[in-house]
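Undergrad: Spelled out, the chains give:
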Amino acid sequence: MIKLNYTIEGGDFSRAGYASSQVKKNLKQLGVDQKIIKNIVVALYEAEVNIVAHAQKGNIEVLISPTGVKMIVSDQGPGIVDVGQAMQVGFSTASEKVRQMGFGAGMGLPNIKRNVDRLDIETKVGKGTTLTMIKDF
Amino acid sequence: MKLEQVIEIVNAKVICGSVKANNIERGFCSDLMSDVLTIDTDKLLIITGLANVQAIRTAEMADVNCILLVRNKKATADMIKVAEENNMIIMETSFSMFHVAGKLYEAGLKPVY
Ligand SMILES: Nc1ncnc2c1ncn2[C@@H]1O[C@H](COP(=O)(O)OP(=O)(O)O)[C@@H](O)[C@H]1O
Ligand SMILES: [Mg+2]
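In order, the protein sequence lines correspond to chains G and C. Numbered according to the numbering used here, the first sequence spans residues 1 to 137. Numbered according to the numbering used here, the second sequence spans residues 1001 to 1113.
Treat the hints with care, as some may be off.
In silico DSS-like cross-links for lysine-lysine, where the CA-CA straight-line distance does not exceed 27 Å [claimed, not checked]:
id : chain 1 : residue 1 : chain 2 : residue 2
1  : G       : K38       : C       : K1081
2  : C       : K1074     : G       : K97
3  : G       : K38       : G       : K28
4  : G       : K57       : C       : K1081
5  : C       : K1043     : G       : K35
6  : G       : K135      : C       : K1043
7  : G       : K38       : C       : K1002
8  : C       : K1081     : G       : K97
9  : G       : K124      : G       : K113
10 : C       : K1073     : C       : K1013
11 : C       : K1043     : G       : K113
12 : G       : K97       : G       : K3
Which stretches of chain G does chain C cover? Using the computed rule of at least three CB atoms under 8 Å from a CB of chain C, they are [claimed, not checked]:
id : segment
13 : 57-70
14 : 81-95
15 : 105-114
Short derived list, chain C residues pointing at chain G, Cβ under 8 Å [claimed, not checked]:
id : residue
16 : D1031
17 : T1038
18 : E1060
19 : M1061
20 : D1078
I should point out that these hints are in silico values taken from the structure, not numbers from a laboratory. Here the structure is a predicted model, which is why all the values come from computation and not from measurement. Even glycine gets a Cβ: it sits at the ideal position worked out from N, Cα and C.
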């Protein structure tokens, strides 16, 4: 079992994607199938961008076992008022700054869902959000 | 299509990466990175006006190694650094996205859908 851990700063778009990039390098080194790696890192990157775009700060924990990965992406932030609505393509509360960074079209959570085998969202308004994502090899 | 051909058609300047022996089959135009992240196609060229490091990170996650910046957008130092780490090619052209897409389509570059 390999455990990776990264701290993410809200608002810092210059570093957004660094953690996902490191995870990709690790998975590559382990010889995981390229298509599966792409699924994993696309989901993780969208989740990482969501911390940067929507929250104050957060944490990414990735557990790699011989059979798959579990990613726990948690943040301290505003939380999500209506998860069902947030899951819909096109729903977004992203700021102009986020849109200038190439995100904020309300596709992140749907992109995440499509790329993993399991997605759980736990959120508390005013406190923060935790995404747990599982992808089997 | 050979990358060399792309460079000639849109009068592109290569900012980093090695163009030789690189082939692409399809092109995708977007300034929206979540859109790029939905695509699952090999030998893809991303054509974008988004000149920030998220364009390069997106390409990295999507296993795309060629990016063409349009509308005279310039690659930043950050972008070049991340692209070089990942053996990616960044090119720049002063033409608009529409012009670039039209010319490359005409020359036989295929769309993703
Ligand atoms: N970590 C988060 N904290 C707070 N709100 C979030 C978070 N992730 C997503 N959201 C909410 O869900 C919406 C949809 O998210 P997403 O599908 O990633 O689209 P986008 O980030 O482009 O807006 C966001 O606009 C935001 O309102
Ligand atoms: Mg998002």
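Undergrad: Taken at face value, is the distance from the CA of K97 (chain G) to the CA of K1081 (chain C) at most 27 Å?
TA: holds (23 Å)
Undergrad: Are the Cα positions of K1043 (chain C) and K35 (chain G) separated by 27 Å at most?
TA: Judged against 27 Å, a Cα distance of about 14 Å means the pair holds.
Undergrad: Take the C-alpha atoms of K1074 (chain C) and K97 (chain G), compute the straight-line distance between them, and say whether it is at most 27 Å.
TA: holds (19 Å)
Undergrad: Are the Cα atoms of K97 (chain G) and K3 (chain G) separated by 27 Å or less?
TA: This hinted pair is violated, its Cα atoms lying about 33 Å apart.
Undergrad: When the nearest CB of chain G is found for T1038 (chain C), is that gap smaller than 8 Å?
TA: holds (6 Å)
Undergrad: Does K57 (chain G) pair with K1081 (chain C) here, judged by a C-alpha cut-off of 27 Å?
TA: holds (25 Å)
Undergrad: Establish whether the coverage given for the segment 57-70 of chain G by chain C is satisfied; the threshold is a Cβ-Cβ distance below 8 Å, and no fewer than three residues must meet it.
TA: Result for this restraint: violated, n = 0.
Undergrad: Measure nothing beyond the straight line between the CA atoms of K135 (chain G) and K1043 (chain C); if it is 27 Å or shorter, mark the hint as holding.
TA: Holds. K135 (chain G) to K1043 (chain C) sits at ~25 Å (cutoff 27 Å).
Undergrad: Tell me if chain C covers the segment 81-95 of chain G under the three-residue, 8 Å CB rule, please?
TA: violated (count 0)
Undergrad: Going straight from one Cα to the other, do K1073 (chain C) and K1013 (chain C) come out at no more than 27 Å?
TA: holds (11 Å)
Undergrad: Should the interface hint for M1061 (chain C) be scored as holding, given a Cβ-Cβ cut-off of 8 Å against chain G?
TA: This hint holds: M1061 (chain C) lies near chain G, its Cβ roughly 5 Å from the closest one there, short of 8 Å.
Undergrad: When you check the alpha-carbon spacing of K38 (chain G) and K1002 (chain C), does it fall within 27 Å?
TA: Holds, at about 25 Å.
Violated hints for the displayed structure, listed by number in ascending order: 12, 13, 14.
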